[in-house]
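Quick mapping for you: the protein sequence lines, in order, are chains A and B.
Mapping of the first sequence onto this note's numbering: residues 320 to 461, in sequence order.
Mapping of the second sequence onto this note's numbering: residues 973 to 1083, in sequence order.
Honestly, the hints are just simulated from the structure, not real lab data.
Misleading hints may appear alongside valid ones.
Unchecked claim - DSSO-like, lysine-lysine: derived pairs with alpha carbons at most 30 Å apart:
id: 1; chain 1: B; residue 1: 1014; chain 2: B; residue 2: 1038
id: 2; chain 1: A; residue 1: 420; chain 2: B; residue 2: 1014
id: 3; chain 1: A; residue 1: 414; chain 2: B; residue 2: 1002
Listed below are the residues making up each chain.
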Amino acid sequence: METATFPGNYYSLEAIRNFYKSGAEQAGLDEKAVYEVQLAVDEAASNIIDHAYGGENLGKIECSYRASNGELEIIIRDFGKPFDPGLVNSPDLQKNLNNRKVRGLGLHFMNSLMDSVEFSFNGHGGNILTMVKSHASQLNCI
Amino acid sequence: MDIEKSELKRCVLLTPHGRIDSATAPELQKEINETTEEGNYKLVLDFSDVDFISSAGLWVLVNAQKKCKRFNRGEVVLANVPERIHDALDLAGFIPYFKMFEDSTTAVGSF
Chain A
320 METATFPGNY YSLEAIRNFY KSGAEQAGLD EKAVYEVQLA VDEAASNIID
370 HAYGGENLGK IECSYRASNG ELEIIIRDFG KPFDPGLVNS PDLQKNLNNR
420 KVRGLGLHFM NSLMDSVEFS FNGHGGNILT MVKSHASQLN CI
Chain B
973 MDIEKSELKR CVLLTPHGRI DSATAPELQK EINETTEEGN YKLVLDFSDV
1023 DFISSAGLWV LVNAQKKCKR FNRGEVVLAN VPERIHDALD LAGFIPYFKM
1073 FEDSTTAVGS F
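Next up, chain A with everything else stripped away, as it sits in the complex:
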């Protein structure tokens, strides 16, 4: 298990993407899947900063991964407000331009790009997000 801790600000996003890029490459994922992992973790970390902490530099983001042959398990932990994915409305992708609302895309991206996405909240242990990406690309399935 590889672990690294990053300050909860937008300038950490590139470092977080690169940390998981290494993991995805170690797991032997193809180039497209590596990119999808980077996009999913960017959205996850951005959501933590924006919603769990409610702003930049208000807490840390603990990132871990386990890379095995063809599979990457990602664990991202924060110590902000509890997150309940059931309270986030799915974006209506059919709406016309003027009715599209900002919000809700990050979780949609994570769910679409990864094989599994699970959230748990452990009181003082914070929010724990576990995502798994295996060899096959998800976008081909849409």
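Given chain A, work out where chain B should sit, using these hints.
The following block gives chain B in isolation, referenced to the frame of chain A:
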């Protein structure tokens, strides 16, 4: 993030370089705002040197499109969209909102 800006006869060509995430999206937003405040609502965004875009960056594009299309005064069109960026636009359901061109010359010529 470095953003090149070329004011052409019929439109403005913006060429951002690098990644567009929550850290850099405000810089693109600022450049677009300055361009529209100058009265330019016909914009070409050349993505040839953009290697990453998150939903934060995609919202900048959508908000720019809303602003430019208002009162039929203009439009944002995209050029040189890499496959991964196209995939992200598709995943967000944003493909119908933008005309896309294979190169910036054709995009500029569309105005």
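Here's how the hints hold up against the structure:
no.	hint	result
1	B/1014 - B/1038	12 Å, holds
2	A/420 - B/1014	23 Å, holds
3	A/414 - B/1002	26 Å, holds
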